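2 protein chains.
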Amino acid sequence: MNIDMIRDAATRLEGHARRTPLLSSPFLDDIAGKRIFVKAENLQHTGSFKFRGAWSAITALPEGTDGVIAFSSGNHAQGVAYAAALKGLPSVIVMPSDAPQLKIDNTRALGAEVVLYNRETESREAIGSEIAAQRNLHLIAPFDNAFVVAGQGTIGLEIAAQAAQHGIKDAAMFTCCGGGGLTSGIALALQADAPHIPVHPIEPVGFDDVARSLASGKIERNAKTTGSICDAIISPHPGDMTFPIMQRLCATPVLVSDEECLRAMAQAFLRLKLVLEPGGASALAAALFHNDDIAQDTIICTASGGNVDAPMFARALDTLKGLE
Amino acid sequence: MNIDMIRDAATRLEGHARRTPLLSSPFLDDIAGKRIFVKAENLQHTGSFKFRGAWSAITALPEGTDGVIAFSSGNHAQGVAYAAALKGLPSVIVMPSDAPQLKIDNTRALGAEVVLYNRETESREAIGSEIAAQRNLHLIAPFDNAFVVAGQGTIGLEIAAQAAQHGIKDAAMFTCCGGGGLTSGIALALQADAPHIPVHPIEPVGFDDVARSLASGKIERNAKTTGSICDAIISPHPGDMTFPIMQRLCATPVLVSDEECLRAMAQAFLRLKLVLEPGGASALAAALFHNDDIAQDTIICTASGGNVDAPMFARALDTLKGLE
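Chains A and B supply the protein sequences, listed in that same order. Per numbering that gives the first Met the number 0, the very first residue in the first sequence carries number 0; after that it's consecutive. Per numbering that gives the first Met the number 0, the very first residue in the second sequence carries number 0; after that it's consecutive.
FYI, nobody ran anything at the bench for these hints, they're computed from the structure. Incorrect hints may appear among the rest.
What the hints assert, rightly or not - Distance windows between CB atoms, simulated:
1) Ala-108/A - Ala-214/B: 36 to 46 Å
2) Glu-119/A - Thr-225/B: 56 to 66 Å
3) Glu-112/B - His-165/A: 24 to 34 Å
4) Val-204/A - Asp-104/B: 26 to 36 Å
5) Thr-251/B - Gly-226/A: 47 to 57 Å
6) Gly-32/A - Asn-1/B: 40 to 50 Å
7) Asp-104/B - Pro-194/A: 34 to 44 Å
8) Asp-292/B - Ala-108/A: 22 to 32 Å
9) Met-311/B - Gly-205/A: 30 to 40 Å
These figures come from a predicted structure and were not determined experimentally. Using N, Cα and C, we set each Cβ at its ideal position, and we do this for glycine too.
Throw the hints in and build the complete structure from the sequences for me.
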């Protein structure tokens, strides 16, 4: 896993993934007391950065692969389904049978075959392996896959170029962090193209596996993987591939609460006109409300996704009552 | 007013206004039965395209002007205030004393001096003229100003280039239409750079002054200027400068209801992750729900602004109930 793989991925993504804008607002700067820039990956195809890793992996498939398979009920599933459809490849997405009907319908509408399994009685790995072998499908893991990390890393290349265009010299980078694919990809890219910008992983309070792993020096697990509204950035533990990269390159993590993510979503609504999901707003939440220990006068944060349903978005808007 | 003025404005806007993305979603294409592209001007500085016209006008001011003045309580006010602040020029915005406190506060926070007048007893023109004369300020009209129209026209230059990048050959353009600054600017730009793309003005039902003016061949007035949620695109009548341009260049107007604008806002939320205001969603509403008479297989629409408060956005989200 190195910078050349990220530059190669950027070449494959050119004209297929969107080069998302780096946005700002004087009102956000006022709240933070620093300059804030937001990399709007919620505007990426399928509403999250996951399309980049999926496209990167699918355009680097071994010869003779007949299609792809992924386990996911979230943003990775949609990214893989749509990237495969655009390449004219079959995709199978293995989802729990109790996943929300909307997510199942969306994934099908993006071109995937959805295979449902019973979470209590069946193993998704067993089902997936059987289908993959029978049909010669290639498994695309959500973050422990070098081509996926390389795809997410293309965001870092764009940020380095956009920061230079904006004349940003002294900045810290905040990344929404789950398994670490986005964070490690961006860290690798910035190490090469903007080595003066340190990368801080952002996690939800209570789901700080990356922060604890970086502190202890070995992979630590979350006690649970449910119970936060930031579902998109919660995984059981950092990846075997992504953790050593984060260990080598990342600065201190920052933790945010669910309530702060909702308030950041409301500010993105008001000031940037962006729809963010809670996990996708975590880096902005940290930039707005937890930047006391950051020496730099500018923070660049990822807005990693916008796949939120209307009731959750209404909860975010409710935080504006009395303020707006 | 000609294409050279638009190209000159584009040069002045370079590096100052955002080059906004042209977005799409297969889910929107499904609803419309055509390919739909959305020019996301809600992501422009101050949340609407108005920043372009303001910046264009302010960077073309006569020598020796000490500042600018505008009458507006809406998007034009914010665009002028922020453009002036970025240029280090004083701005005065004349607003009715019963304007929402939030709009007054926002306009001040963007750097303007807000002068309030009593709508029932005072004339804003009289107050404005007096201040302008006393303080050597230049009035920036919202649409009947060639530099303003030229600034809005830069959107058309970008659309022509982006359409070519996307391989779009056969398309119709739908523009959110109030006084006609945006529509006439885009029509002039497309006439030059993409003359095969006809421009259809989009208006709210009951506020179809442009449609009636184009039909009768002379400037017709709206019976009223209140009573629609699409306040951002309602003006008393088409502009003296913009109407002849629209008369010469525009194709058939299309009308949309308030309810359709709310439904388009909900689709922009779900599928594009964009926050639109009702008037700013009118062109998308027409593209999704009123395209039967359009021969082209692709429609490009402006998303002209996103300055909507939380209660109105919640109304838009409510249209998803039972559908999502």
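Checked hints:
1. Ala-108/A - Ala-214/B: 36 to 46 Å: Holds: the Cβ-Cβ distance is about 40 Å, inside 36 to 46 Å.
2. Glu-119/A - Thr-225/B: 56 to 66 Å: About 58 Å separates the Cβ atoms of Glu-119/A and Thr-225/B, which means 56 to 66 Å holds.
3. Glu-112/B - His-165/A: 24 to 34 Å: 28 Å, holds
4. Val-204/A - Asp-104/B: 26 to 36 Å: 32 Å, holds
5. Thr-251/B - Gly-226/A: 47 to 57 Å: The hinted range 47 to 57 Å holds for Thr-251/B and Gly-226/A, with Cβ atoms some 55 Å apart.
6. Gly-32/A - Asn-1/B: 40 to 50 Å: About 46 Å separates the Cβ atoms of Gly-32/A and Asn-1/B, which means 40 to 50 Å holds.
7. Asp-104/B - Pro-194/A: 34 to 44 Å: Given range 34 to 44 Å: holds, Cβ gap about 41 Å.
8. Asp-292/B - Ala-108/A: 22 to 32 Å: Check passed, 27 Å falls within 22 to 32 Å.
9. Met-311/B - Gly-205/A: 30 to 40 Å: For Met-311/B and Gly-205/A the Cβ distance comes to about 35 Å; the hint holds.
Violation of the numbered hints given earlier is absent; every hint is satisfied by the structure.
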